[in-house]
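Q: Once you've looked at the hints, dock chain Y with the ligand against the given chain Z.
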Amino acid sequence: MITLAKDTLTKADVQDSLKDIFSHYEGEKHELIPILQETQEKFRYLPAAAMREISRFLGVPEANIYGVSTFYAQFKLTPLGKKVVRVCRGTACHVRGSGKVLAEMEKQLGIKAGETTDDMEYTLETVACIGACALAPTMTIDSETFGKMTTKKVAEVLGDRSSNKG
Amino acid sequence: MTEAAIKGNGKKRTIFICQGTGCVSGKSLEITEALKKSVAEQGISGVNVDFTGCHGFCEQGPVAIVEPEGIFYTHVTVADMPEIVESHFKNGKPVERLFYKDPASGQAIPYHKDIKFYSMQQRIILRNCGRINPERIEDYLATGGYEALKKVLKEMTPKQVIEELKRSGLRGRGGAGFSTGQKWEFCHNAPGDQKYMICNADEGDPGAFMDRSTMEGDPLTVIEGMTIAAYAIGASEGYIYIRAEYPLAVKRVRLALKLAEEKGFLGNKILGSNFSFRIHVKEGAGAFVCGEETALMASIEGKRGMPRSRPPFPATSGLWGKPTTINNVKSLATVPVIIARGADWYASTGTEKSKGTCVFALTGKIANCGLVEVPMGIQLRKIIMEIGGGIPGGKKFKAVQTGGPSGGCLPENYLDQPVDYESLTAAGSMMGSGGMVVMDEETCMVDVARYFLSFTQAESCGKCVPCRVGTKQMLDVLIRICGGEGRPEDITLLQEMGNNIKAGSLCALGQTAPNPVLTTLRYFRDEYEAHINEKRCPAMVCTALVRYYILPDKCMACGICARNCPVEAITGAKRMVHVIDQEKCVKCGTCLEVCPEKFSAITKVSGKELDVPREPTPIRVEKPKVQAVT
Ligand SMILES: Cc1cc2nc3c(=O)[nH]c(=O)nc-3n(C[C@H](O)[C@H](O)[C@H](O)COP(=O)(O)O)c2cc1C
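So the sequences go chain by chain: Z and Y.
Here the working numbering is used: position 132 in the first sequence is 132, and no number is missing along the way.
Here the working numbering is used: position 310 in the second sequence is 310, and no number is missing along the way.
So here's chain Z without its partners, still in its complex pose (with noise of 0.2 Å):
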C-alpha cells in the first residue's frame, strides 16, 4: 500500500547547497557525521547525489558512506514528510501507555511507524527516548514537544497541525 518515496535529486539538484556546506569543514574524515546530518538538515534526506559528492570532497569510499548512514537511526535514505512525528517509546512512556499512542496514530495517519503518508505530508516514526519522562507518554512534530498523551489527543495533536498547514 505504502511506495516509498523516491530518491530523484540530481547532481544538479544537490550541488549548490553541499557547497555551501562544505564550506566551513576542511575535508577531513572525521567530519562525516556532522556533514550528513547538515545535508539532511536540507534535504530532510540523504540523496544518493549527495553522497558522492560527500565522498569525493572527504575522501572516502561510497560504501564507508553508505555504512555510516544506515548505521546511525537518524539518517533516512528516503524523503521525509513535511511533518515528522515520533511518538516516544522510552521505559516511562511504556508503562504510561505509549504502545496505545502510537497505535491510534498509526490508525489515524493510515501509515506504520517508519513510513511517510502518501501525500507526503506526515512522516511516523518511534524515537528511542527524548528524555521528557515525567510527562510521559510523549510524543513530538517536527521540534514541537507534546506530554501526558492520551488515544483521544492524537486527533487533537494532529488537527492543530493540519489546520495550519500551508
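Treat the hints as calculated values from the structure; they're not laboratory data.
Do not rely on the hints blindly, as some may be mistaken.
Per label pair, the in silico range of CB-to-CB distance [claimed, not checked]:
id, chain 1, residue 1, chain 2, residue 2, range
1, Z, Thr150, Y, Pro191, 55 to 61 Å
2, Z, Glu121, Y, Glu442, 31 to 37 Å
3, Z, Glu106, Y, Lys251, 30 to 36 Å
4, Y, Ser45, Z, Gly114, 53 to 59 Å
A few chain Z residues facing chain Y, derived, Cβ under 8 Å [as the list claims (entries may be wrong)]:
id, residue
5, His30
6, Glu31
7, Gln37
8, Pro61
9, Ala63
10, Gly67
11, Tyr72
12, Ala73
13, Gln74
14, Ala92
15, Val95
16, Lys107
17, Cys129
18, Gly131
19, Ala134
20, Ser143
Subject to a maximum C-alpha distance of 25 Å in a straight line, what follows is the list of computed BS3-like cross-link-like pairs (lysine-lysine) [stated by the list, open to error]:
id, chain 1, residue 1, chain 2, residue 2
21, Z, Lys11, Z, Lys76
22, Y, Lys303, Z, Lys152
23, Z, Lys107, Z, Lys76
24, Z, Lys19, Y, Lys587
25, Z, Lys82, Y, Lys251
26, Y, Lys587, Z, Lys152
Quick caveat, the model's predicted, so the values are computed rather than measured.
Built from N, CA and C at the ideal position, the CB exists for glycine as well.
A: Quick look at chain Y with the ligand alone, frame taken from chain Z:
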C-alpha cells in the same frame, strides 16, 4: 507601583519561569512572554522576569519560582499571568490555587523549600539547576562558578588535583562506577603529547534525563569540570558528545562554550596560566551503543559507532589512538564542587564505598515524577514513597527498575536496601545512569522484560554474535510467551541464553542486556508461569491473553461501545445487551474506556472465558426508578 514595592518588602523580586524541555513543551516560552507583557501592562516595577533550566519537577510543569521568598507555582498557563502579576506582585497576595498540592494530604504548599520532593533531596550535581539563568555566565559566577578552576590553576598541580579526586571517592556516574581520580591518573601517566578529554552526554538510557537537565540548566558546571579534568590529565582538546535528540541542551552548551571563551575560561592560556584547552561539540546521530566509550570515540572519528574490545583502554589509546579520558556529565558536574569544598567534605556524604550523591530520574507509576538527587546509601523506599510521593491512584507497588535497559527489576522486599553501586549489583540490577522507573500492579513484568530486550536487541550494533543473535533469540521467546504461545521449557531456555550472552558479549551492552529478563525471572517467576501454563497475564497487559466482555446484567444498551469500536466487533440493538465478537475483537480496550462509568458494563479478564450470551439478549428489566430524571 510604589505600593507593590512596599508589599514586596522593598526588595527587588525575580520570577523565574522554567525553560527546560519539559516545561517548554508546556508552553513556558509563551508564558514568559505573557508574564513580561502583564508586568509591563500593569506598570509593576521592582519585578524582574527571568528563566532557568530544568527544576527537575517536570510533572508539575510548567513551574515558576519567585525569589527571594521562594514561592513556587505549578502548572502555570499563559492565562494565569495577569493574575500572578496583579494578585502577587501588586497586592502582595500569592495565588494559592497555583501552589503545589501534597499528594497525600491535598494541602497547598506555597514554599519551594517545604515541598517534600525538594526538601529531602541533597543537591550537589543539580545545585544550580532551576536556580540560575543558564544562558548568562554572570549568574554562574555569582554562585561561585569558576572559583574551582581558578584555585586549580593557581594553587594545584595536576597530580594534586588527581589526589584530591581520588580522596573524594567520586566514582563515575555513567554506569560502571570506576574511580574518577584513578581514571585521570592513568591518562595523566600515559605517554603522549596529545591527549583528549571527552564528556559523555549521550544519555541513551530510555527513562533517564538528568544529563539533559544538567546541560540545560547549568551547562557551565559541566564545562568547568571538564576543563579541570583536562588540566589534570594534560589534554588540550576536548569533545562533548551530545545526543541530537536533545536540541535545547545542544543549544545551551554551545552558548555556554562561547561565553566561557569570551571570559577567558576556555581557549589559549586560560586565566593567564600556561594551560590551554578547547572544546568541540559533536552531536550523536541516534545510536544507543554510542554511549559506550569506545563506540563513542569511533563515532567522533566519523565511523560507525561500534565498540571494540579493551584493552587497550582509552587512557592509553583512545580517540585517534591518543590517551583519552571519558567522563559522564554528572561526574564532571561534581568536580568543581569537590575542588571548591574539598574532598573531605564530599566524602562525608554517602556510604563507605559509594561517596557523594546520585541523581535518579524518577518516572513511571509515581506521583512525583522528576529528578531527585539523594545521598548514596538512601533506601529505595525513601526515594519512591517519600520523595516520589508513592504510587498514584491507590495502586499497589510492584517493582522498581533501575539502571535502564541494562538494569533489573526489584520487588517490594528490596525497598529497604540502601542505594549504592554494590547493593544494586548484588540484587541483580545496577546503578547505571540513574533511570528509576516505578511499576505498579498494572504493569506486566514479562511485558517489561520484552520491552527492554526489544530495545537492546534493536540497538545491538551487530558486531558480536552473542549479542546480535542471542538477544534476538531471547526476544523471540519473550514475544512467544506474551503472545500466549509460551512453552514450559522457555524459562530455563531464557536463563541459559541470558547467562551465555552475558558471558560472551564484547561490550557492556550485550553483557547487561539479559539483566531485565534474568531479574524478572528471579523475582517474578510466577508471572512467567501464569503466562506459560495458564495463558494468563496477571496484570492484564498482554493483549493476546486478555478478553473483553460485556456483562449482561449491567449493559443498558446505550450503544456507545458499538459506535466507538474500531473493528465493528460489537453487536446490539435498542434495549438489547450488546455482545463482543471475540473473533473480531482486537483488544484495543476502547469499549472499556468509553462505557459510561454509571454502567461499568465492560470487563477485562485473563486466563479465563466468561459465559455470556453470544447473541444480543433483552436488557435486564429496570426496577421502577424512584427519583424522577431531571
Ligand atoms: C551500551 C552502553 C551505553 C552507555 N551509555 C552511556 C551514556 O549514555 N552516558 C554515559 O555517561 N555513559 C554511558 N556508558 C558508559 C561509558 O562506556 C563510560 O563508562 C562512561 O561514560 C564513563 O564515564 P564515568 O567514568 O564518568 O562514569 C554506556 C556504556 C554502554 C556499554
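Q: Indicate, hint by hint, whether the structure satisfies it.
A: These are the hints, each one checked on the structure:
1. Thr150(Z) to Pro191(Y): 55 to 61 Å: The hinted range 55 to 61 Å holds for threonine 150(Z) and proline 191(Y), with Cβ atoms some 59 Å apart.
2. Glu121(Z) to Glu442(Y): 31 to 37 Å: 36 Å, holds
3. Glu106(Z) to Lys251(Y): 30 to 36 Å: Given range 30 to 36 Å: holds, Cβ gap about 32 Å.
4. Ser45(Y) to Gly114(Z): 53 to 59 Å: At 55 Å between Cβs, range holds.
5. His30: It holds, given that the least Cβ distance between histidine 30(Z) and chain Y is near 4 Å, below 8 Å.
6. Glu31: 7 Å, holds
7. Gln37: Given a least distance of 6 Å, the restraint on glutamine 37(Z) holds.
8. Pro61: Proline 61(Z) check fails; min Cβ-Cβ to chain Y is 12 Å, beyond 8 Å.
9. Ala63: Alanine 63(Z) check fails; min Cβ-Cβ to chain Y is 12 Å, beyond 8 Å.
10. Gly67: 6 Å, holds
11. Tyr72: 4 Å, holds
12. Ala73: 3 Å, holds
13. Gln74: 4 Å, holds
14. Ala92: Since the shortest Cβ distance to chain Y is 4 Å, the answer is holds.
15. Val95: 5 Å, holds
16. Lys107: Result: holds, 7 Å to nearest chain Y Cβ.
17. Cys129: 4 Å, holds
18. Gly131: Because about 4 Å separates glycine 131(Z) from the closest Cβ in chain Y, which is inside the 8 Å limit, the hint holds.
19. Ala134: 3 Å, holds
20. Ser143: This hint holds: serine 143(Z) lies near chain Y, its Cβ roughly 6 Å from the closest one there, short of 8 Å.
21. Lys11(Z) to Lys76(Z): 18 Å, holds
22. Lys303(Y) to Lys152(Z): 42 Å, violated
23. Lys107(Z) to Lys76(Z): Measuring from Cα to Cα gives roughly 23 Å; hence the hint holds.
24. Lys19(Z) to Lys587(Y): Violated, at roughly 54 Å.
25. Lys82(Z) to Lys251(Y): Holds: lysine 82(Z) and lysine 251(Y) sit about 24 Å apart, inside 25 Å.
26. Lys587(Y) to Lys152(Z): With a Cα-Cα distance of about 17 Å, the restraint between lysine 587(Y) and lysine 152(Z) holds, given a limit of 25 Å.
This entry does not satisfy hints 8, 9, 22, 24, going by the numbered hints stated previously.
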